[in-house]
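Once you have looked at the hints, place chain B on chain A.
These are the residues of each chain, in order.
Number of protein chains: 2
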Amino acid sequence: MRLFTARIVTATEADVPDILQLIRDLGEYEKLSHEVVATEDSLRATLFGDRPAADVLLAYAGAESEVCVGFALFFPNYSTFLAKSGIHLEDIYVKPEWRGKGIGKSLLVRVAQIARDRGCGRLEWEVLDWNQPSIGFYKSLGAVPMDEWTKYRVTGDVLNRLASTA
Amino acid sequence: MRLFTARIVTATEADVPDILQLIRDLGEYEKLSHEVVATEDSLRATLFGDRPAADVLLAYAGAESEVCVGFALFFPNYSTFLAKSGIHLEDIYVKPEWRGKGIGKSLLVRVAQIARDRGCGRLEWEVLDWNQPSIGFYKSLGAVPMDEWTKYRVTGDVLNRLASTA
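Heads up: the protein sequence lines correspond to chains A and B, in order.
Just so you know, this note's numbering puts the end of the first sequence at 166, numbered straight through with nothing missing.
Just so you know, this note's numbering puts the end of the second sequence at 166, numbered straight through with nothing missing.
Treat the hints as calculated values from the structure; they're not laboratory data.
No false leads were slipped in.
Identical copies carry no separate label here, and so any pair may be met within one copy or between two of them.
Restricting the straight-line Cα-Cα distance to at most 20 angstroms, the calculated cross-link-like pairs of lysine to any residue (SDA-like) are: (1) Lys84 x Ser42; (2) Lys151 x Glu90; (3) Lys31 x Lys151; (4) Lys151 x Arg122; (5) Lys151 x Pro133.
With the rest of the complex left out, here is chain A:
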């Protein structure tokens, strides 16, 4: 695949409206819109305050690279076996009408460069099992599925109940 010349930039606070729109688009694509409660204020506070919880890259395309068409959001993780930090890529998304141009790959390559430059041992991300186009793309890059692992989650009332256990 020839890489489309998307411009990849580090997001700043001024990009919050674009980031929120992309998150909502992603929620729709993943059929999880009902879970999206992020607002411009909560994104601003958590991503661009004193202690940013994650890094955000934006992809711009178009004749003059003027259209914001995708994003990647990632944060550090840690492997005890390696005693080394890695990168967890939480979201990577390109608007449907801009797919098939290598923009997602450009985002992923940039994240891989950041991982390499930071001396990270691993770059990891999660994919919905029905998302075959993405799975094929990731496997073509040499990514390995961690099939034997399942993530468990506690949230809301269950988390509070667990925290209140004597």
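For chain B alone, kept in the frame of chain A given last:
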């Protein structure tokens, strides 16, 4: 299950030898010993240096709470849908001869308390699919398996190659 009165403490640099031993024990239990390359030096640098990559809790048991019998290691994650930080519990482990006494639950409860106190939206961790005793335990607490997601990983040469893509 009655909770055994394990003493749960935040690990310090002096605990590095105990932490390394527990990580090695965990590697053996998960049949992944060949992946464990952590050393005391690399743990000290990454967990107790200027920018600790994770928090570590240790569990002590015995007549005088003098035996280090388990650990939990966790770091922040981030949900774009919630625009909120959470906690990823990377490892939770109790030595085989100390299981069935509620020590693992004590560790998990403490992590849940930290998640609640930090205002986290989620507490998440991963489990090997063959680890039925743990899976039953987690489900009994109300944890929900994220069955429809699979993690992908790039590491080593594949990561470097991806980073070097034009």
